[in-house]
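Asker: Residue-level listing of the chains:
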Amino acid sequence: MILRYLLEKEFKQIFRNRFLPRIIFAFPCVALLVFPLAANFEVRDIRLCLVDHDRSHASSRLVRKIAASGYFKLSRQAPDHRSALSSVESDESDMVLQIPPGFGRDLVGTGTSRVTISANSVDGVKGGIGSAYLSGVVAGFADEIRQEIHPEPAGAGPGRIETVPRLRFNPHLRYESMMVPALMVMLLTMICGFLPALNIVSEKEKGTIEQINVTPVGKSTFILSKLLPYWLIGLLVMSIGLVIARLVYGLVPLGSLGTIYLFACLYILAISGFGLAISNHSNTMQQAMFVMFFFVMVFNLMSGLFTPVSSMPEWAQATTRINPLSYFIEAMRCVYLKGSGFRDLQPQFLALCACALVMNGWAVLSYRKTT
Amino acid sequence: MERFLSFAKKELLHILRDKRTMLLLLGMPIAQIVLFGFAISTEVGNTKVAILDLARDEASRRIERDLDASRYFEVVAHLEDAAEVEPLFRRGKASLVVVFQDGFRESLLRDGSAEIQLIADATDPNTATVFLQYATSVATAYARENQPPAAAPVGIVPQVRLLYNPQLKGAYNFVPGVLGMMMLLVCAMMTSISIVRERETGTMEVLLVSPVRPIFVILAKMAPYFLLSCVNLATVLLVSVFVLDVPVAGSLPALVLVSFVYILLALALGLLISTIAATQVAAMLVSGMAFMLPVILLSGMMFPVESMPAALQWISNAIPARWYIAAVKDVMIKGLGFQSVAKELAILSGMTVFFVAVALKNFKTRLE
Chain C
1 MILRYLLEKE FKQIFRNRFL PRIIFAFPCV ALLVFPLAAN FEVRDIRLCL VDHDRSHASS
61 RLVRKIAASG YFKLSRQAPD HRSALSSVES DESDMVLQIP PGFGRDLVGT GTSRVTISAN
121 SVDGVKGGIG SAYLSGVVAG FADEIRQEIH PEPAGAGPGR IETVPRLRFN PHLRYESMMV
181 PALMVMLLTM ICGFLPALNI VSEKEKGTIE QINVTPVGKS TFILSKLLPY WLIGLLVMSI
241 GLVIARLVYG LVPLGSLGTI YLFACLYILA ISGFGLAISN HSNTMQQAMF VMFFFVMVFN
301 LMSGLFTPVS SMPEWAQATT RINPLSYFIE AMRCVYLKGS GFRDLQPQFL ALCACALVMN
361 GWAVLSYRKT T
Chain S
1001 MERFLSFAKK ELLHILRDKR TMLLLLGMPI AQIVLFGFAI STEVGNTKVA ILDLARDEAS
1061 RRIERDLDAS RYFEVVAHLE DAAEVEPLFR RGKASLVVVF QDGFRESLLR DGSAEIQLIA
1121 DATDPNTATV FLQYATSVAT AYARENQPPA AAPVGIVPQV RLLYNPQLKG AYNFVPGVLG
1181 MMMLLVCAMM TSISIVRERE TGTMEVLLVS PVRPIFVILA KMAPYFLLSC VNLATVLLVS
1241 VFVLDVPVAG SLPALVLVSF VYILLALALG LLISTIAATQ VAAMLVSGMA FMLPVILLSG
1301 MMFPVESMPA ALQWISNAIP ARWYIAAVKD VMIKGLGFQS VAKELAILSG MTVFFVAVAL
1361 KNFKTRLE
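Protein chains in written order, with this note's numbering: chain C, 1 to 371; chain S, 1001 to 1368.
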């Protein structure tokens, strides 16, 4: 019964605030409209600097083929390797393709030749993918030449293995399809993590928490009254996210909405509980903000949101097992793109249950009525 | 001057006495850099592979062994039936299924060519592109080995050199990024909060009626954070050089100079926020939402600015961290000197002057 009054108080506090309601509504909209555009690792329009020492028919054919591949833009022709490197240094080009003298002659004569690809890989994704693309184009060109020199029926070369890739779940390799479901998780983390983290500690700073401490309100009731409003807000944010994903990106989950909401319910509980626990341990809002910021950064970056979990070292992969974000992100992507059902995602579900229990248990235990 | 110093001392004591916050301010950048530097790599590795081997012959088993031996793949399951592929993907147990058709080796020997199907979970487009390429190269390597030596191979050997970051370490991207973010966090957020708190608790009045001119009150507030940021800069650089092996390849003075300008800029931003925000929460939300997120997303710390749509690229020009991060990357990783960062330096200085001017114009020395 007392919970009802406490909840009423929390909701009034939220909606009488000048900032909070606006942020709760505006933030998901803006974030989902802008983030997917920015959070884009798609590699295209790679600026290529060409050093052609050969200037033969073959080399100019290779260059035409590269230009036609669609990934590259010829940014410059450099006379030698040094000036090509300086164009990478000054950020005019991303990659250098160096064709050695005698490239065309060797190719037709001895059948083998080589080129040098130098990629700026300060940004690992761009460097890695860009050089992989370029190697692919060069290999394709070599195949073409082979066909011309040995005009055998396709595939009849001795011992050739043809690989046939089939791209499942995201056949057009759209980046948004992968990012948008995961970004909704990030949104929930920001809103349902930060607001509770600031909540209890702000009552501490204002001194109003004393008034609660002297009442017979129980620890769990108090925590529950702080938790439930964010739970509802989180579900609202989630719904806004689902609508935007449908309207703007044309993304509809292949799996059931029920599964998504089920996971969201658990996840919000877990992350809000975490926020409340941090709030209990902090003395000032500044501290709470910093600690929360630290954990949110770590949770986000080490959850597989931006970089695949499988490329992390063992110990880092182990940390994803206690990271609620990684379970929810995996579940969201599976439901959205692969149509996974609840049965497929049982391990993630149980793990999130455990996270929610631990975090909220911690939040209840760390709340002290005495100072 | 003496008055100013005593004010700065007061602020420093404020910070030093709050042990927990201090620990956070100094420890957080180190923890983040170490964690991200070691954990996050964009190299694709250990992709989980399932094998659907309908051929069960020497060739298919050999390719499977080659895949497992490569550091890019890890064979996690053997399937019996094509119907098992779908559930496997749905539970996220594997990212790639390699299918050998019945009679794989025979057709390789008889017809001279055979087919391998690679069914990829393309949820993550870049990763899928990369591991498909790796798997193809494992298969072709096997084919080449088993070619009769007489057949003249026609091929172009691409020698790939990954400049500056041959191991594609994430740390090369994160050290500049975390620097750019921490400075903003420490300077902009902390200064704004400490000024606003002084106003909230009412102690600002006491300071403003003191004989010290208001501008010095504010400068004294900034001084300790400037100091703290310099300590942070030093520790982050030391950690990145000695722990993460990310060297300072270029000129250290250039790096320090750019960082100083950036710290000043962050302090100016903090002052500006404090003139706008009325409460601590508002100050945090403004600096958090309006500064931190754009920095993380649009500054090139995580995502390449060039792949963004033109409008966002345009916006990103207005984000100071973008220029700072670009300059740090140039100096630290590419090993360039002063000349190369002159443009960034000029832009950052210009922004600093602008923010200071606006902040001073808005700053009220009177209490309403």
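If you're looking for bench data, these hints aren't it; they were derived computationally from the structure.
Just so you know, these numbers come straight off a predicted model, no measurement behind them.
All C-beta atoms in this analysis are idealised placements derived from N, C-alpha and C, irrespective of residue type, glycine included.
Any given hint could be a false lead.
Stated by the list, open to error - Listed next, with one range per pair, are the computed distances between beta-carbon atoms:
(1) C:Val-243 <-> S:Pro-1247: 44 to 50 Å
(2) S:Val-1034 <-> C:His-53: 28 to 34 Å
(3) C:Pro-216 <-> S:Val-1034: 43 to 49 Å
(4) S:Gln-1339 <-> C:Ala-318: 44 to 50 Å
Said to hold, decoys possible - Taking lysine-lysine and the DSSO-like style, the derived pairs with C-alpha atoms no more than 30 Å apart in a straight line are:
(5) S:Lys-1009 <-> C:Lys-204
(6) S:Lys-1048 <-> C:Lys-204
(7) S:Lys-1364 <-> C:Lys-206
(8) C:Lys-219 <-> C:Lys-204
(9) C:Lys-73 <-> S:Lys-1019
(10) C:Lys-219 <-> C:Lys-206
(11) C:Lys-73 <-> C:Lys-219
(12) S:Lys-1010 <-> C:Lys-219
(13) S:Lys-1010 <-> S:Lys-1364
(14) C:Lys-369 <-> C:Lys-65
(15) C:Lys-369 <-> C:Lys-9
(16) C:Lys-65 <-> C:Lys-204
(17) C:Lys-219 <-> C:Lys-65
(18) S:Lys-1093 <-> C:Lys-206
(19) S:Lys-1361 <-> S:Lys-1010
(20) C:Lys-73 <-> C:Lys-369
(21) S:Lys-1009 <-> S:Lys-1364
(22) S:Lys-1093 <-> S:Lys-1048
(23) C:Lys-204 <-> S:Lys-1010
(24) C:Lys-204 <-> C:Lys-73
(25) S:Lys-1009 <-> S:Lys-1361
(26) C:Lys-204 <-> C:Lys-12
(27) S:Lys-1343 <-> S:Lys-1364
(28) C:Lys-206 <-> C:Lys-65
(29) C:Lys-219 <-> C:Lys-369
(30) S:Lys-1334 <-> C:Lys-73
(31) C:Lys-206 <-> S:Lys-1019
(32) S:Lys-1019 <-> S:Lys-1009
(33) C:Lys-206 <-> C:Lys-73
(34) S:Lys-1019 <-> C:Lys-369
(35) S:Lys-1334 <-> C:Lys-206
Asker: Against each hint, give a clear statement of whether it holds in the structure.
Answerer: Verification of the supplied hints:
For Val-243 (chain C) and Pro-1247 (chain S), the Cβ-Cβ distance of about 49 Å falls inside the hinted range of 44 to 50 Å, so the restraint holds. Roughly 44 Å separates the CB atoms of Val-1034 (chain S) and His-53 (chain C), a value that falls outside the hinted 28 to 34 Å. With their beta carbons about 47 Å apart, Pro-216 (chain C) and Val-1034 (chain S) fall inside the hinted range of 43 to 49 Å. The hint said 44 to 50 Å for the Cβ distance between Gln-1339 (chain S) and Ala-318 (chain C), and at roughly 46 Å that hint holds.
A hinted pair counts as satisfied when its Cα atoms are at most 30 Å apart, and Lys-1009 (chain S) with Lys-204 (chain C) qualifies at roughly 28 Å. Annotation: proposed proximity of Lys-1048 (chain S) to Lys-204 (chain C) is violated, straight-line Cα distance about 49 Å (limit 30 Å). Restraint check for Lys-1364 (chain S) and Lys-206 (chain C): satisfied, since their Cα atoms lie roughly 25 Å apart, inside the 30 Å limit. Of the pairs offered as hints, the one joining Lys-219 (chain C) and Lys-204 (chain C) holds, with about 15 Å between alpha carbons and a cut-off of 30 Å not exceeded.
Restraint check: the Cα-Cα separation between Lys-73 (chain C) and Lys-1019 (chain S) comes to about 54 Å, which exceeds 30 Å; the hinted pair is violated. The hinted pair formed by Lys-219 (chain C) and Lys-206 (chain C) meets the criterion: a straight-line CA distance of about 20 Å does not exceed 30 Å. Taken as a hint, the Lys-73 (chain C) and Lys-219 (chain C) pair is broken in the structure, with Cα atoms around 63 Å apart against an allowance of 30 Å. Among the hinted pairs, Lys-1010 (chain S) with Lys-219 (chain C) is inconsistent with the structure: their alpha-carbon atoms are about 39 Å apart, more than 30 Å.
For the hint linking Lys-1010 (chain S) to Lys-1364 (chain S), the alpha-carbon distance of about 22 Å falls within 30 Å, and the restraint holds. With a C-alpha separation of about 73 Å, the suggested pairing of Lys-369 (chain C) with Lys-65 (chain C) is violated against the 30 Å cut-off. Between Lys-369 (chain C) and Lys-9 (chain C), the direct Cα distance comes to roughly 19 Å. Compliance with the 30 Å bound is thereby established for this hinted pair. With a CA separation close to 67 Å, the supplied pair Lys-65 (chain C) and Lys-204 (chain C) exceeds the 30 Å bound.
The straight-line distance between the Cα atoms of Lys-219 (chain C) and Lys-65 (chain C) is roughly 70 Å, outside the 30 Å bound, and the hint therefore fails. Restraint check for Lys-1093 (chain S) and Lys-206 (chain C): not satisfied, since their Cα atoms lie roughly 50 Å apart, outside the 30 Å limit. For the proposed pair Lys-1361 (chain S) and Lys-1010 (chain S), the alpha carbon gap of about 26 Å is at most 30 Å, so the pair holds. Taken as a hint, the Lys-73 (chain C) and Lys-369 (chain C) pair is broken in the structure, with Cα atoms around 65 Å apart against an allowance of 30 Å.
Distance restraint check for Lys-1009 (chain S) and Lys-1364 (chain S): the Cα-Cα separation of roughly 23 Å lies within the 30 Å cut-off, and the hinted pair is therefore satisfied. The hinted pair formed by Lys-1093 (chain S) and Lys-1048 (chain S) meets the criterion: a straight-line CA distance of about 7 Å does not exceed 30 Å. Only pairs whose Cα atoms come within 30 Å are accepted, and Lys-204 (chain C) paired with Lys-1010 (chain S) is accepted, the gap being roughly 24 Å. Between Lys-204 (chain C) and Lys-73 (chain C) the CA atoms are separated by roughly 58 Å; this puts the pair beyond 30 Å, and the hint is violated.
Taking the CA atoms of Lys-1009 (chain S) and Lys-1361 (chain S), the gap is about 26 Å. The hint holds against a cut of 30 Å. About 18 Å separates the Cα atoms of Lys-204 (chain C) and Lys-12 (chain C), which keeps this hinted pair within 30 Å; it holds. Distance restraint check for Lys-1343 (chain S) and Lys-1364 (chain S): the Cα-Cα separation of roughly 34 Å exceeds the 30 Å cut-off, and the hinted pair is therefore not satisfied. Between Lys-206 (chain C) and Lys-65 (chain C), the direct Cα distance comes to roughly 68 Å. Violation of the 30 Å bound is thereby established for this hinted pair.
A threshold of 30 Å between alpha carbons decides the hint, and for Lys-219 (chain C) with Lys-369 (chain C) the separation of about 8 Å falls inside it, so the pair holds. Of the pairs offered as hints, the one joining Lys-1334 (chain S) and Lys-73 (chain C) holds, with about 22 Å between alpha carbons and a cut-off of 30 Å not exceeded. Note on Lys-206 (chain C) and Lys-1019 (chain S): the hinted pairing holds, with a Cα-Cα distance of about 21 Å set against a maximum of 30 Å. This hinted pair checks out: Lys-1019 (chain S) and Lys-1009 (chain S) have alpha carbons roughly 16 Å apart, not beyond 30 Å.
Distance restraint check for Lys-206 (chain C) and Lys-73 (chain C): the Cα-Cα separation of roughly 59 Å exceeds the 30 Å cut-off, and the hinted pair is therefore not satisfied. As the CA atoms of Lys-1019 (chain S) and Lys-369 (chain C) are separated by approximately 23 Å, the hinted pair is consistent with the 30 Å bound. Annotation: proposed proximity of Lys-1334 (chain S) to Lys-206 (chain C) is violated, straight-line Cα distance about 50 Å (limit 30 Å).
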